[in-house]
Amino acid sequence: MAVISYRQALHDTLRAELARDEVVFLIGEEIGVFEGSYKITAGLLAEFGPERVRDTPISEEGFVGAAIGAAMLGLRPVVEIMTLNFSLLAINQIVNHAAKMHAMFGGQVSVPMVIRTPGGGGQQLAATHSQNIEVWYAHVPGLKVVAPSTPADAKALLAAAIRDDDPVIVLENLALYNTKGEVPDGEQVAEIGRAAVIKPGRDLTVVAYSRASVIALDVARQLEADGVSVEVIDLRSLRPLDRDTTCASVRKTSRAVVLEDDWLSYGVGAEIAATIQEGAFDFLDAPVRRVAAAEVPLPYAKPLERAALPDAGALAKVIREVLDATRFAR
Amino acid sequence: MAGKARAAKPGAAGHAPSGGEPPEVLRGYYRQMALVRAFELRAAQMYTQARIGGYCHLNLGEEATVVGLMAALESRDYLFTTYREHGYALARGLDPGRVMAELFGKATGVSGGWGGSMHLFDAEARLLGGYGIVGGQIPPATGAALALAYRGEPGPDAEAVMCLLGDGTTNIGAFHESLNLAALWRLPIVYVIINNRLGMGTPVERAAAEPDLYKRGCSYRIPGERVDGDDVLAVRDAAREALRRARAERQPGLLEAVSYRLRGHSVVDPAAYRSGAETGRLRALDPVPAFRARLLEAGVLDEEAALRIEEEADQQVTAAVTYADDSPDPTPDQLFAHAYASPVPNTPRQLPGDPVVSGQ
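So the protein lines, in turn, are chains C and G. Sequential numbering of the first sequence, starting at 1, is according to our numbering. Sequential numbering of the second sequence, starting at 1001, is according to our numbering.
These aren't lab readings, by the way, just hints derived from the structure by calculation. Any given hint could be a false lead.
To be verified - Derived Cβ-Cβ restraints for the label pairs, each shown as a range:
hint, chain 1, residue 1, chain 2, residue 2, range
1, C, I133, G, A1248, 40 to 48 Å
2, C, V23, G, M1200, 38 to 46 Å
3, C, A301, G, S1342, 41 to 49 Å
4, G, A1277, C, F34, 55 to 63 Å
To be verified - A few chain G residues that don't get close to chain C, going by computed Cβ distances all over 10 Å:
hint, residue
5, G1093
6, G1299
7, D1302
Remember, predicted model here, so these are calculated numbers, not experimental data. C-beta atoms are modelled at their ideal positions from N, C-alpha and C, and glycine is treated no differently.
Start from the sequences, fold in the hints, and give me the full structure.
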């Protein structure tokens, strides 16, 4: 077991999958000669050549759609969209086509395509380059959306996505690329559609995904010192959504908070809260709270950006409020 | 490479009627045109009787283009079409009964009743879909050509892709992005603009700043050619040559086939934007009677043989309606049958009103 970065885990998995299966190829802007905007594909052009690491012009709808067509004929394209924001240029192909084809054509064709793309704010990239619009895709039947929060999951979920016969969006996160963690050696393929309890606890459940899971884990560890036992659930898959793991946890802890980087309204937190009230209503001691981004286009100036994004302080405060409201005593 | 326009004479002119063509080939084309005509007239009728739902776009007036293009396309090639596609499916060899069954939303339809008129699909016939979103098929068709280039070598026997699109579609971004990619990457694909002069009700001249649509490939050094879409042989020959270059030279092509839509945009459109005089003029240009007259004149058909072909087409369509009528509806227990190609845990299978989580 090696300790490597999230970026390295993605890179190594792409390399291993390219070597494993010749129908796998990479396609996207600046992934070859430039080695990727975030260097995930560094060295792969030299190793696998321009057919398998295919640079594209700036044509998101064109090259995402081309990946769909290549997948229809049995190739396994792994598309890099430079950031999640740019996926909006291709959303017609993703939502109206990739997501529909298997069902709409009566099961005669599948689209084994992966779209890797980083979301997330906090880098002073301002409003158009800082969005978390993964929930738009998580809303759509026919797509799968996974969101690894650790290097180990980056490896295992990306490998699963590449081997899956459906279009899978692998949500990466700019703030996670340099984070490090233990990654098991050898082939690791996760099961898409399962959440994980990444820290067991008794008193309160925090549900999160992607960067928010890392924050939630930090906060939970700090609260441990105060005698508060927080269970942290990393959703890992936004579609399909593993509701049972969340409900089972809340039936045990009776309290729940959702942390997400996205805007609050209509978000993952809303879906989780609705799930909990249906699946664990009788066990709840307090309303489910959501900690999410302020509902503004994310500003550039650091104090404004910081104020808009949820952080460990906001999560800890809300956890404390829920505990106090339920007369929690350690 | 500005491309060229073949003499696009309207009506029955064009190639000499029998110029070296085996008579049985010409009769075969007429048989297919007659079948498409009969099928589409019956589809319109079935639509007005509410046997067909949703949208329904007909190939009436486009029969020569349909049959010419499909004659050029080899069985090893792949076809992506628009939502105006019944005729292409028939000329590609799909069973008329299964096409009609799809329009009727039956389980035996070519897409199992999931797609309807706009989304016909047959993996075996390499008809990779009708597409209901204007131009949605162009990037995937380009990607299918990328897959062919990824796997195979160019040559006279190589596979190629034909991607159909309407005249209005040449104004969308995906058209231009895709042509650029196809030319950059030298992909074996022929884009065919089916120019019926109207994008719904908007004439080409009001929608395209370069209304000679075949010239729009020149930004990408893709040679363009315009053919008389009412001339089945001209269409076939131009498509064959474009496909040859795509196969052998990996040279993508752009073909514009000009014909006239004889009816409204869809079955429910009365085409009130057309004058009575224009409607009359279009009838005179109708490619089906025109081709019939050519074949009679050339002695390839006599009146009796022509009538027999038309009766057979009618009988085929009647049999298709009977087959569709007799076919079972898809059943609700199949609603999630195609949720995913790779099954995964926690896939939603709730019907409206079902609980989202199992009991507490």
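Cross-check of the supplied hints:
The supplied range of 40 to 48 Å is met by C/I133 and G/A1248, whose beta-carbon atoms lie about 44 Å from each other. Between C/V23 and G/M1200 the C-beta distance comes to about 40 Å, which sits within the given range of 38 to 46 Å. For the pair C/A301 and G/S1342, the supplied restraint of 41 to 49 Å holds, since their beta-carbon distance comes to about 45 Å. For G/A1277 and C/F34, the Cβ-Cβ distance of about 60 Å falls inside the hinted range of 55 to 63 Å, so the restraint holds.
At roughly 16 Å from the closest C-beta of chain C, the C-beta of G/G1093 stays outside 10 Å, upholding its exclusion from the interface. For G/G1299, the shortest C-beta to C-beta distance to chain C comes to about 44 Å, beyond the 10 Å cut-off, and the non-interface label holds. Its beta-carbon lying about 43 Å from the closest one in chain C, G/D1302 satisfies the requirement of being farther than 10 Å from that chain.
In this structure, none of the earlier numbered hints is contradicted; all agree with it.
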